[in-house]
Amino acid sequence: MCTMISNTVGIRGAAKGRPGWFGVTQATVAFDHPVNGGLEHAVLLDFSNYDLDPGARIAVELDLASARALVEKLTAAMAAAEAGGYAPDSETWH
Amino acid sequence: MWNSFRTDAQVSIATQIITYPGGKGDQIHAYVARPQGGGRHPGVVVVHHMPGWDEFYQEFTERLARHGYVAICPDLYCRFGHGTPDDVTAKVRAEGGVPDATVVADCGAALAWLQAQPDCTGKMGIIGSCSGGRHAMLVASRVPGFAAVADLWGGGVIASPDQLSPARPVAPIDLTKDLTAPVLGIFGNDDRSPTAEQVNAHEAELKRLGKAYEFHRYDGAGHGFFYYHTQAYRPEQAMDGWNKIFAFFAEHLKG
Chain A
6 MCTMISNTVG IRGAAKGRPG WFGVTQATVA FDHPVNGGLE HAVLLDFSNY
56 DLDPGARIAV ELDLASARAL VEKLTAAMAA AEAGGYAPDS ETWH
Chain B
191 MWNSFRTDAQ VSIATQIITY PGGKGDQIHA YVARPQGGGR HPGVVVVHHM
241 PGWDEFYQEF TERLARHGYV AICPDLYCRF GHGTPDDVTA KVRAEGGVPD
291 ATVVADCGAA LAWLQAQPDC TGKMGIIGSC SGGRHAMLVA SRVPGFAAVA
341 DLWGGGVIAS PDQLSPARPV APIDLTKDLT APVLGIFGND DRSPTAEQVN
391 AHEAELKRLG KAYEFHRYDG AGHGFFYYHT QAYRPEQAMD GWNKIFAFFA
441 EHLKG
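Chains as they are written, first to last, in the working numbering: chain A, 6 to 99; chain B, 191 to 445.
Derived from the structure by calculation, the hints contain no laboratory data.
A quick note: this is a predicted structure, and the numbers were derived from the prediction, not measured.
For every residue, glycine included, the Cβ atom is placed at its ideal position computed from N, Cα and C.
Worth double-checking, as some hints may not be accurate.
[What the hints assert, rightly or not] Computed footprint of chain B on chain A; a stretch qualifies when at least three of its residues, placed anywhere within it, have a C-beta under 8 angstroms from a C-beta of chain B: (1) 7-13; (2) 31-38; (3) 43-50; (4) 68-74.
[What the hints assert, rightly or not] Restraint ranges, calculated between C-beta atoms of paired labels, are given here: (5) B:A204 x A:G42: 49 to 57 angstroms; (6) A:Y91 x B:K214: 32 to 40 angstroms; (7) B:M429 x A:A74: 49 to 57 angstroms; (8) B:E404 x A:V14: 18 to 26 angstroms.
The whole structure should be built from the sequences, with the hints applied where relevant.
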């Protein structure tokens, strides 16, 4: 890695790619060279399940402003869900 | 020089994917390209970049063979499983990258593989770009036997203490005293990793320790300006850079 900026967290959920839906077990957030887009560096999001194979991955590459906007909307949606009583802490993915 | 062969010369290469015993004796893949037509040639270990053991690096390896080198490009991500280069790279990234010790062992083993080839002269170089540039500097400082090292915009040659980790415990610049091979550096002045200031600091350390080196800096170019498959490509600067590589390896490996 060039920047060495990479953080991985275990998650529970599902993602849809070309083969269809599959369970995802981890998310990686990195800031490094993207495959697309012509930027030297970008925010790289990977939702993956490497217990399946390296191709079991949903990849998203974003510029920094888009990543910040996404974080804002994620945070807003979670706050609204909690405020509305739709998301008790006990409810987890299974 | 690129594109300077005689049209009546019998210039051709052979390529193959091999497995060879890398670090800890693990069988790992490598892309090998070698000149055809007999004779013995210098060898080059080619260290792929962060985006992986990809098509660009296969073609990079072939280009060195066309210019008279037996070139081997180990798949440093081989132990992480197989898929498309970008998928394997993502898995490597998720797991924190390849430990430096593994890279040194695999590249050292690639050097040994070259030394055992009957069509190799025994004079060996190492080259890499991006993370591979850093790795080339690291390996050349750790493994004796290289007669030339080329660092193409290697990010992380200089690292602050918070950037060091168990997988990358030492910044390559701190191993400069152990380096015996002359260094070629190729850099874009608009790069952010390494920055122009970091390139200057790297050069200052080489100079301070009396090491043989030549650095070439290009205006109008950033990171990865050889990469013709990306928008970073700068053809004029890239082709000049390639000719610097050919001249440097010819001087130190063919001379």
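Verification of the hints:
1. 7-13: As far as the region 7-13 of chain A goes, the hint holds, because 5 residues have Cβ atoms under 8 angstroms from chain B.
2. 31-38: holds (count 5)
3. 43-50: That given contact holds, which follows from 4 residues of the region 43-50 of chain A lying within Cβ reach (below 8 angstroms) of chain B.
4. 68-74: It is violated: at least three residues are needed, and the region 68-74 of chain A offers just 0 whose Cβ sits closer than 8 angstroms to chain B.
5. B:A204 x A:G42: 49 to 57 angstroms: 36 angstroms, violated
6. A:Y91 x B:K214: 32 to 40 angstroms: 51 angstroms, violated
7. B:M429 x A:A74: 49 to 57 angstroms: 40 angstroms, violated
8. B:E404 x A:V14: 18 to 26 angstroms: The hinted range 18 to 26 angstroms is violated for B:E404 and A:V14, with Cβ atoms some 44 angstroms apart.
In this structure, the hints that do not hold are numbers 4, 5, 6, 7, 8, in rising order.
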